[in-house]
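Colleague: Line by line, the protein sequences are chains G and S.
What the first sequence shows, in my numbering, is residues 7 to 206, in sequence order.
What the second sequence shows, in my numbering, is residues 7 to 206, in sequence order.
Rather than coming from a laboratory, the hints here were simulated on the basis of the structure.
Keep in mind that a hint or two might mislead.
Treat identical chains as interchangeable: a pair holds within one or across any two.
For lysine-lysine, the following PhoX-like pairs were computed, each having C-alpha atoms within a straight-line distance of at most 25 Å [said to hold, decoys possible]:
1. 171 with 108
2. 41 with 108
3. 41 with 84
4. 112 with 41
5. 181 with 108
6. 84 with 112
7. 84 with 108
Residue strings, one per chain:
2 protein chains.
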Amino acid sequence: MYLRYLEDLDTRGQRTASSDELAQLCGTTPAQVRKDLSFFGSFGKRGLGYPVHELTAHLREILGLEREWRVIIIGAGKIGAALANYRGFLQRGFRIAGVYDKSPEKIGHAWGEAIVRDIANLEQDLTEAETLIAVLAIPADDAQLIVDRIVGAGIRAILNFAPTKITVPAHVSLKSVNMAMELEGLSFALTHAMANSGAA
Amino acid sequence: MYLRYLEDLDTRGQRTASSDELAQLCGTTPAQVRKDLSFFGSFGKRGLGYPVHELTAHLREILGLEREWRVIIIGAGKIGAALANYRGFLQRGFRIAGVYDKSPEKIGHAWGEAIVRDIANLEQDLTEAETLIAVLAIPADDAQLIVDRIVGAGIRAILNFAPTKITVPAHVSLKSVNMAMELEGLSFALTHAMANSGAA
């Protein structure tokens, strides 16, 4: 989040930012800003604020964003399409290197800069260019089988949208996004807000 | 997560589940299971395990899932489409009551059971049936303006997919999903795994 706002300030040519200013942008306190940013080295100077450009570059480096990452998307359904066309990915250095599906009706179609390929080609494709990140946008039933395959083919990090639990070996990073669970967090909050206000 | 697995066991007719079994399913420890579930009352009996059906019903009630929630989607783009067609929502009691867009090319098209409506109708529609949850799937530029409008029209909980910071009054719940940030979490993990293994 700090990186988001620092890049914004950097683009607009602002040279320094105080912890007060960053706190206001990020919706937190100046003390929290100083604490958070102190993890990344001694950047702020009392009375001078943080050097915007240097701190931006440093955060990008820490996040591994100073290189391009090839990303494959497994599953050419609606979530896959939304992700393949998400401009934010390319802006952050994530390039969609391929989209894979098993459905003959989808294979061969152009998706942005990528063409949907037969998932049968996956292992061969991955030997040709180092690709470490996969986005999984397939139904729950197939998920673990596919995960085992892509991990076997060298994938080291998975962003999972399949609504099921998947397991990966220790050397593979996994993040899961579950749309229904996000909504459940809201229904929980609403239910309790209504109970507390007596409107339930 | 507990609810996911308990519903599964319940569907298969299993009557009780031990903390060992739940721990294995959820990838945690039996002690953590007992601690987590103790928040919801004294359900487990030593040596007997947890009553699957009762605990499932209780968790659904706590999460506010024992009723139907009307949900509107703002933005008939690819993310909106993926969400409108997501079967997981209906299974959890979230019914897509409407999809809104401002683009004349999208208004009037059928999306699953909903028809894309002109966002100009939003305020009027929301007076006709209580709708408390909105999913925001629009570009960053328009986001805050739309948020102010839907909050003014009575929305009390927002799931935000717009890649920007939005602010809401204290009585409104907000969750944000940022696809690029999820990937950055993975590139961070990969960068540090590679640095530690000397392969950077």
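Colleague: Are the hints correct? Go through all of them and say.
Modeller: Now for the hints, and whether the structure bears them out:
For the identical chains of this complex, residue 171 and residue 108 are intra-copy neighbours only, at 21 Å inside a copy versus 37 Å across copies, given an alpha-carbon limit of 25 Å. In this assembly of identical chains, the alpha carbons of residue 41 and residue 108 never lie at most 25 Å apart, being 48 Å within a copy and 43 Å across copies at closest. For a Cα distance limit of 25 Å, the shortest separation of residue 41 from residue 84 qualifies neither inside one copy, at 41 Å, nor across copies, at 39 Å. In this assembly of identical chains, residue 112 and residue 41 lie within 25 Å of each other by CA distance neither inside one copy nor across copies; the values are 49 Å within and 47 Å between.
In the homo-oligomer, the alpha carbons of residue 181 and residue 108 lie at most 25 Å apart inside one protomer (23 Å), although the nearest pairing across protomers, at 33 Å, exceeds that limit. Proximity of residue 84 and residue 112 under a CA criterion of 25 Å is satisfied in both settings, with 12 Å inside one chain copy and 16 Å between copies. Taking identical chains as interchangeable, the C-alpha atoms of residue 84 and residue 108 lie at most 25 Å apart whether they share a chain (15 Å) or sit on different chains (21 Å).
Of the numbered hints given earlier, the model fails hints 2, 3, 4; all others are met.
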